[in-house]
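Visitor: Here is how the chains run, residue by residue.
Number of protein chains: 2
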Amino acid sequence: MRLPLDQTHDPERRSWVESANDPAGDFPIQNLPFGVFRLEEHEQPRIGVAIGDRILDVRRCAERKVLPGVLSQAIQALAAPTLNDFMALGRPQWSAARLAIGNLLDVRFVNDCKPHVTLIPMKDAQMLLPATIGDYTDFYASIHHATNVGSMFRPDQPLMPNYKHLPVGYHGRASSIVVSGTPVIRPMGQINPDDAVPIFGPTRLLDYELEVGLLVGPGNGLGQRIPVAQAAEHVFGLVLVNDWSARDVQKWEYQPLGPFNAKNFATTTSPWVVTLEALAPFWVPSMARSVDDPPLLDYLKPPEPLGLDLTLEVSLSSEGMRKQGMAPMTVSRGSFADMFWTLDQLLAHHTSTGCNLRPGDLLASGTVSGPTEDSRGCLLERTWRGTRPFALTDGTERRFLQDGDEVTLTGWASLGGRPRIGLGRCTGIIQPAR
Amino acid sequence: MRLPLDQTHDPERRSWVESANDPAGDFPIQNLPFGVFRLEEHEQPRIGVAIGDRILDVRRCAERKVLPGVLSQAIQALAAPTLNDFMALGRPQWSAARLAIGNLLDVRFVNDCKPHVTLIPMKDAQMLLPATIGDYTDFYASIHHATNVGSMFRPDQPLMPNYKHLPVGYHGRASSIVVSGTPVIRPMGQINPDDAVPIFGPTRLLDYELEVGLLVGPGNGLGQRIPVAQAAEHVFGLVLVNDWSARDVQKWEYQPLGPFNAKNFATTTSPWVVTLEALAPFWVPSMARSVDDPPLLDYLKPPEPLGLDLTLEVSLSSEGMRKQGMAPMTVSRGSFADMFWTLDQLLAHHTSTGCNLRPGDLLASGTVSGPTEDSRGCLLERTWRGTRPFALTDGTERRFLQDGDEVTLTGWASLGGRPRIGLGRCTGIIQPAR
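For the record, the sequence lines run as chains A and B. So the first sequence is residues 1 to 434, counted in the working numbering. So the second sequence is residues 1 to 434, counted in the working numbering.
There may be inaccurate statements among the hints.
It does not matter which identical chain is used: a pair holds within one copy or between any two.
When the alpha-carbon atoms are kept at most 27 Å apart in a straight line, the in silico BS3-like pairs for lysine-lysine are as follows [said to hold, decoys possible]:
#, residue 1, residue 2
1, Lys251, Lys164
2, Lys65, Lys114
3, Lys301, Lys251
4, Lys123, Lys323
5, Lys251, Lys114
6, Lys65, Lys323
7, Lys123, Lys301
8, Lys323, Lys164
9, Lys301, Lys164
10, Lys114, Lys164
11, Lys251, Lys323
12, Lys65, Lys251
13, Lys65, Lys164
14, Lys164, Lys123
15, Lys65, Lys301
It is worth saying that the hints were derived from the structure and are not from the lab.
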């Protein structure tokens, strides 16, 4: 998935948008993630690009014809209310847009282009889902997560015999995908707390799952496969995903056909899609597979085994903490480079039967957990099924999520002194069951 | 789900479209199923209603204002290229359209309305998917199917402890749903035939699954539940569904998160959506639950336990049979009244967590199998995992599907001497792996 570096990755490059040059910020001129926003509730949504604490109004750039080198087809797609049409165009047109937008925002181009450019403060904009997501697939690509969870649900056989041979995945619910900031209502559900008589009531074991999601660019026709070596051409970019889970519902319902109601009440994504191009400098050799692991079948062998060096963090604040002005507490921190299955393998496996992907489809990694306790990406693992609670800074204890809890996922790459490429924030507050 | 009977159900009613009065036909004037068709490849699709061997061009009826009593909102929805907008309107508007269309086609109205009505021979039309299907859910509602399959995959525990407490389901793939008549390419996949070293190759155990699908009418908001007693208000109508399955892929991949690639290469639906109104006379007391079964939780208790008396049939023809002019062979015949979980329970359970359904969403029943060998709705059961092959009329043997095989599902209700209400045909021919 590693793309070549070019002038858009130059670490010395700076923007005339001052906030973009903050080394602690997510959105320097080397990032330029795409999103969809609006300013008023009933307004037509438009495409924007994040730069510092501002949003570049891309639709207006398209209308004012200040994107040299971008073909008319792409100009039209950038004026649409979702990113789907633009995603369908493929990398040559994405690259041309990235180059033109970067030039607009470059400190060296200030005099020429500033008057044509509309910047909107992020705080004034309402972010929406970046694309219409036709289908959502969730994988299980962290071997640490699979081993931890497996050992709780199936102590005799934590890791299934298939695990190292294929990236296990399942189809998720697309209708209930919401954008960061949308409150999450504690779901009701059928649970069987004492393994005796099931009851219907609010979930008692509400959890988050820290995941990375891939948004599909050009799709494949029904009956066609995407070769693992060409997978990158089908990836527009990445977002953060919180695959909220009701563990008690899951435990009771999941056999034999997998998770269903335990997951379909809400899935949150971050609003900014960080392109694969922006992430080009951050690929590292993957150490996930060892020589003792079974050999990969050809259709899953990437040209080079690479992981993405992306730091991922979960933070949590209770309602009490927020009332007292306390900062959110970091609950875990891991790396996406630790994944056993890589993004190109997920795409190749998903389409190996000829299953068709469409622009804007979401493929999520599954919970990203590392080898250490503080890198476990969900509470089920972090508190070991609630047996090892931890204390928040307001003195309360957490085994699973409480009403009023706010969960925030963040992620960023910052290898070798390059400007930090951030994925932004993926957040949600738990509301009481209804 | 039983709706009241009215004049549109009058068994004596006849149409001036002569073929609609054929007692062996699927589409009498008491049926009036909705579909989407076009005559030329690049034409805008339009909504039609099946009557005998003709299609009523509903868009033209809407344009010519020959649908008295139908509100302008519904007229507009009926001129759209899919049924989604019409599905969203709800039963009062569906009923008004059914009444008006029935009157147009009634033998007593011939002189007034015939000149305003365009009928197209079915053989000249290309049928399309009736709706844009946002999400597809597949259930496991036949206890005979669950018990049979369970005993093969898990002989120690065929039926999971949850089975009689909740309708088990999983999310399917929406992108690969195709309309009847679309060829199905034998999928490649990762399989492990000897339980030793997995390989990648064409599935050897390709199967069909005979199912009934429900298309959602008005949806529910995220966080809202559909009460079991109100489920019927959210159901537009029913179709036949063939959930094609690669059993060897399924066996190797399905643990712990359920079927994925084994199912996502193709799912076929019939083109005509038979409304719940047309099916009103065919509800019968459900005998599926016995007094020994565990009591239902309130959210799953229907006001009256009713099953739909729908006969369902699978027929098969090989390429050789078709070349020799032989008729397809009936492989199984069952009844939808045998289902353990009913359609209203599927809707109530699916939304019990607040999962939002959208107009046009597809909820399929899972394989419909009855208690007898000849009522088993997939080859896995019919040939007991291939151990009990059967002979086709061309002398070849079937354990699983061969290239060139054509599978056709049909379904109809015909209780009490009423005109037969047919679901039409759901068919597909297997093409060799690519």
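Visitor: Work down the list of hints and note, for each, if the structure agrees.
Guide: Hint check:
1. When the C-alpha separation of lysine 251 and lysine 164 is checked against a cutoff of 27 Å, the pair qualifies both within a copy, at 24 Å, and between copies, at 16 Å.
2. In the homo-oligomer, the alpha carbons of lysine 65 and lysine 114 lie at most 27 Å apart inside one protomer (13 Å), although the nearest pairing across protomers, at 55 Å, exceeds that limit.
3. In this assembly of identical chains, lysine 301 and lysine 251 lie within 27 Å of each other by CA distance solely across copies; the values are 23 Å between and 34 Å within a copy.
4. For a Cα distance limit of 27 Å, the shortest separation of lysine 123 from lysine 323 inside one copy, 21 Å, qualifies, whereas the shortest one across copies, 69 Å, does not.
5. In this assembly of identical chains, the alpha carbons of lysine 251 and lysine 114 never lie at most 27 Å apart, being 56 Å within a copy and 60 Å across copies at closest.
6. In this assembly of identical chains, lysine 65 and lysine 323 lie within 27 Å of each other by CA distance neither inside one copy nor across copies; the values are 47 Å within and 61 Å between.
7. For a Cα distance limit of 27 Å, the shortest separation of lysine 123 from lysine 301 qualifies neither inside one copy, at 44 Å, nor across copies, at 48 Å.
8. Within a single copy, lysine 323 and lysine 164 get their C-alpha atoms no closer than 46 Å, and across copies no closer than 46 Å, so neither meets the 27 Å cut-off.
9. Taking the closest pair of Cα atoms, lysine 301 and lysine 164 come within 27 Å of each other only inside a single copy of the chain (13 Å); across copies the shortest separation is 43 Å, beyond that limit.
10. Taking identical chains as interchangeable, the C-alpha atoms of lysine 114 and lysine 164 are never at most 27 Å apart, the minima being 53 Å within one chain and 66 Å between chains.
11. In the homo-oligomer, the alpha carbons of lysine 251 and lysine 323 never lie at most 27 Å apart, since the shortest distance is 34 Å inside one protomer and 52 Å across protomers.
12. With identical chains, the CA atoms of lysine 65 and lysine 251 are never at most 27 Å apart, being 55 Å at best within one copy and 55 Å at best between copies.
13. Proximity of lysine 65 and lysine 164 under a CA criterion of 27 Å is satisfied in neither setting, with 50 Å inside one chain copy and 63 Å between copies.
14. For the identical chains of this complex, lysine 164 and lysine 123 are neighbours neither inside a copy (44 Å) nor across copies (50 Å), given an alpha-carbon limit of 27 Å.
15. When the C-alpha separation of lysine 65 and lysine 301 is checked against a cutoff of 27 Å, the pair qualifies neither within a copy, at 43 Å, nor between copies, at 61 Å.
This entry does not satisfy hints 5, 6, 7, 8, 10, 11, 12, 13, 14, 15, going by the numbered hints stated previously.
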